[in-house]
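The listed protein sequences correspond, in order, to chains H and Z. Each residue of the first sequence is one higher than the last, beginning at 1 in the working numbering. Each residue of the second sequence is one higher than the last, beginning at 1 in the working numbering.
Hint data in this document are derived by calculation from the structure and do not stem from the laboratory. Hints should not be assumed to be uniformly reliable.
[What the hints assert, rightly or not] Stretches of chain Z that chain H covers, calculated by requiring three or more beta carbons in the stretch to come under 8 Å of a beta carbon on chain H:
#1 39-48
#2 69-79
#3 179-193
#4 359-365
#5 409-421
[Stated by the list, open to error] Label pairs and their computed distance ranges (CB to CB):
#6 H:Glu213 - Z:Glu387: 28 to 36 Å
#7 Z:Ser416 - H:Gly130: 30 to 38 Å
#8 Z:Thr506 - H:Arg182: 22 to 30 Å
#9 Z:Pro69 - H:Arg182: 20 to 28 Å
#10 Z:Ser416 - H:Ser158: 23 to 31 Å
[What the hints assert, rightly or not] Here are a few chain H residues that face chain Z, going by a calculated C-beta distance under 7 Å:
#11 Pro54
#12 Leu188
#13 His209
The C-beta atom is built at its ideal place from N, Cα and C for all residues, glycine as well.
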Amino acid sequence: MDRRQALKVMAIAAAVPSLTSCAPTDAGDDVVVAPAAANPKAAGTAWDPDLLAPVIPWERTLTSDELETLATLCDIIIPADERSPGASQLGAHDFIDEWVSAPYARNERDQVTVRGGLVWLDGESAGRFGEGSRFRELDAAQQRAICDDIRSVADAPSGLEAGARFFDRVRDLTAAAFWTTREGMQDLGYVGNVPLARWDPPPPEVLRHLGLE
Amino acid sequence: MRRKAQQQYDVVIVGSGAAGGMCAYVLACSGVRVLMLEAGRDYDPVTETPMFQLPSDAPLRGVGTREKPFGFYDATVDGGWEVPGEPYSSAEGSEFRWWRARMLGGRTNHWGRISLRNGPYDFKPYSRDGLGFDWPMSYEDVAPYYDKTEALIGVFGSNEGLENTPDSPPGILQEPPAPRANEMLVRRAGDELGIPVVPSHIAILTRPQDADRLSRFLWPGNPTAQRVTAESMRSRAACFYATPCGRGCSIKANFQSPTVVLPPALATGNLDIVTDAMVREVTVDASGRATGVHYIDKRTRLEEHAGARVVVVAASACESARILLNSKSSIFPDGIANGTGLVGKYLMDTVGASVSGQIPAMENMPPHNADGASAMHLYSPWWLYQEQARGQLDFARGYHIELGGGRRMPGFGTFSGLERYTGGSYGQQFKEDCRRYYGSFVNFAGRGEMIPNEDCYCEIDPDQVDQWGIPTLRFHWKWSEHEENQARHMQHTFADIIEAMGGRVTSTIREDGADAIAPGGEIIHEVGGAIMGDDPRRSVLNQFCQSWEVDNLFVTDGAPFVSNADKNPTLSIMAIAWRASDYIVEQLNAGRL
Ligand SMILES: Cc1cc2nc3c(=O)[nH]c(=O)nc-3n(C[C@H](O)[C@H](O)[C@H](O)COP(=O)(O)OP(=O)(O)OC[C@H]3O[C@@H](n4cnc5c(N)ncnc54)[C@H](O)[C@@H]3O)c2cc1C
Ligand code: SF4
Chain H
1 MDRRQALKVM AIAAAVPSLT SCAPTDAGDD VVVAPAAANP KAAGTAWDPD LLAPVIPWER
61 TLTSDELETL ATLCDIIIPA DERSPGASQL GAHDFIDEWV SAPYARNERD QVTVRGGLVW
121 LDGESAGRFG EGSRFRELDA AQQRAICDDI RSVADAPSGL EAGARFFDRV RDLTAAAFWT
181 TREGMQDLGY VGNVPLARWD PPPPEVLRHL GLE
Chain Z
1 MRRKAQQQYD VVIVGSGAAG GMCAYVLACS GVRVLMLEAG RDYDPVTETP MFQLPSDAPL
61 RGVGTREKPF GFYDATVDGG WEVPGEPYSS AEGSEFRWWR ARMLGGRTNH WGRISLRNGP
121 YDFKPYSRDG LGFDWPMSYE DVAPYYDKTE ALIGVFGSNE GLENTPDSPP GILQEPPAPR
181 ANEMLVRRAG DELGIPVVPS HIAILTRPQD ADRLSRFLWP GNPTAQRVTA ESMRSRAACF
241 YATPCGRGCS IKANFQSPTV VLPPALATGN LDIVTDAMVR EVTVDASGRA TGVHYIDKRT
301 RLEEHAGARV VVVAASACES ARILLNSKSS IFPDGIANGT GLVGKYLMDT VGASVSGQIP
361 AMENMPPHNA DGASAMHLYS PWWLYQEQAR GQLDFARGYH IELGGGRRMP GFGTFSGLER
421 YTGGSYGQQF KEDCRRYYGS FVNFAGRGEM IPNEDCYCEI DPDQVDQWGI PTLRFHWKWS
481 EHEENQARHM QHTFADIIEA MGGRVTSTIR EDGADAIAPG GEIIHEVGGA IMGDDPRRSV
541 LNQFCQSWEV DNLFVTDGAP FVSNADKNPT LSIMAIAWRA SDYIVEQLNA GRL
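All chains should be built: construct the whole structure from the sequences, respecting the hints.
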């Protein structure tokens, strides 16, 4: 964290193993998360958070308007198909809000990239498709026309480099959000994180795939 | 855990990690009354470990932050590269990174559990190549303690009969788990290149421990020790091949001091533990004998004294050097046990360099469970002894290779930077690209031996105290050409392996070893700072970790190390601490302490 954030939050009563975001108050000189609910031994500070009942001690910054455009973009990056839902359905845009709002230098940099990028995206939409056009209201072909131009940082046309960097960052964050959920892992065929009575060598189809038979 | 120190103890131990935990276990089992002081908070892996939680259950998908550098779920409390309110500094032109934890069990809660024995060469490096120092004891002297340590903590691995890579006696090691698919591919590449790829040695149970047999082996003729040891072993489950070990293990399948050595030690009734007790200095009487330690009770912020007949400092190598240097008196104006001026000197870390690759053959692999026992199942011990002896390498000493990659649990960064392969796909194509590339990445980390040198040391920083009013450390660091050349060699080896696997190297291979090598301290194998030896003029401690100058003062962590073989240090720390503890018992019983 660059700036000493003075965040102190209310006690979280319920010991739910899900994330709870809570409003900061003004006192304190370090990130204080919450008095430990599920784990009474933990101090509830950022250095010793309750790992069993995590909380996010910072406020979200993106506006509902920004979130709406972001959700559209997340779904363009990872759309729904027969194997899994689209990214926004798994909360990718909310995760990006959580990410860019965090009080760490890299996250603060990403906040500038993402918020600036969202403004740019609407500006680009208006420039290409008429004044007042908003990216999230364009039709799919129009959205693709913009995204095709900014899909690659390495190949970005001149003038669109910043747009490409924005797109690349959102793509990475969307992928991070999406594939780390239970549904995302299922789609990937990650079948671990379950207790096994014994450990077996890789199955024959894997050995065949690798030419290891 | 907080029992007031009321009685006079035989031994006070500073620190509850690998070293302190092991000393407490051996001493308490031997009937010695022990007080342990730990700067961190009480910590219980059984109730506190987030075992099955997904990244999506954590803030920022569990990614590392300043306060939790190795990720949200990593079992590090009040620590990492910084400890709040307890700074350290690096001298100008030096870079040293110091990883600490403030919790019962110290860094044994989140360590990698790689447990390799030093071999016969590793105890006599000076005799072999004229560099550094020999240890005052030989492999044969320590081997029985490696046997005991492995039997107690539970280590899986195999006996391969390889040069300077000792086998364990029958009945000591647990059966290693079968290799993962990516590790089998590496092994095939190793066969081609002449690099051995064999089962790793990891402090994880793959079977329940044979409690009766092992407790009798460890404690012949000591029924109390047998009972507490067997009970503790029975309370541990075998690994269920899920959940990352770095978070700790609630079923006690891996080694953590608070699940493996502290419970049996407490069960003897001979051990009291006071947590939140930050030791400042060792106290002495007018004759220069140690009388105990001064510590700050972190809850009251008041100073306390704990007295004992023997003081064991086991706060981790640099912390122990710091305590000795801060123990100034009219008898020891430069710090206790420091008449030679050697305290803090000859710090060593491990040479680290790594390379990643992408393996097309591993794309689109059929789904299968590749979690395994969290740590690598295979590794490569150092193999170029003969080439080195013939003068074909431009560095002394060796390295081993640690393997990673494959279809592990997806994390925050699993798909970042995929643009490099996809040309910037998005939409359905991107989704399919992620499925295709998932699990196709591998990485190789070299862990090599550093030779001790005059330029690597810590000293008290004259300008800084921590929040407990205790003067802090300043580090000096400089790699020699041996380490830098070794790091370059590592990178080329890893690139060769990746190419032999038909893959492409995704890291930058640095031709200058100084760019390839990780900064000092970053591999978190720091040892030295109170070296042992045969000669009181040239060492701080004797081979039993006993101070030459103050015979009731011992330092039993990594500080006594005079060399830092490529083998990760913790198994050796514990074996040498056990040997020192046996010596303390013997000396106490003989009335010599
Ligand atoms: C991520 C990671 C992975 C690792 N992987 C491996 C591996 O695979 N294999 C391996 O061999 N090693 C590994 N290590 C290194 C290993 O953790 C250490 O070598 C080992 O823990 C050292 O034991 P120790 O008892 O000396 O110190 P620690 O385990 O650090 O314990 C020292 C204890 O002393 C306490 N203390 C410090 N100062 C004071 C004081 N003034 N007063 C009172 N108490 C004090 C500390 O709070 C701490 O609890 C790894 C380390 C890390 C961080
Ligand atoms: S992999 Fe095995 S030893 Fe490691 S935490 Fe999971 S169950 Fe415990």
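Hint check against the structure, violated hint numbers in rising order | Per hint list: zero violations.
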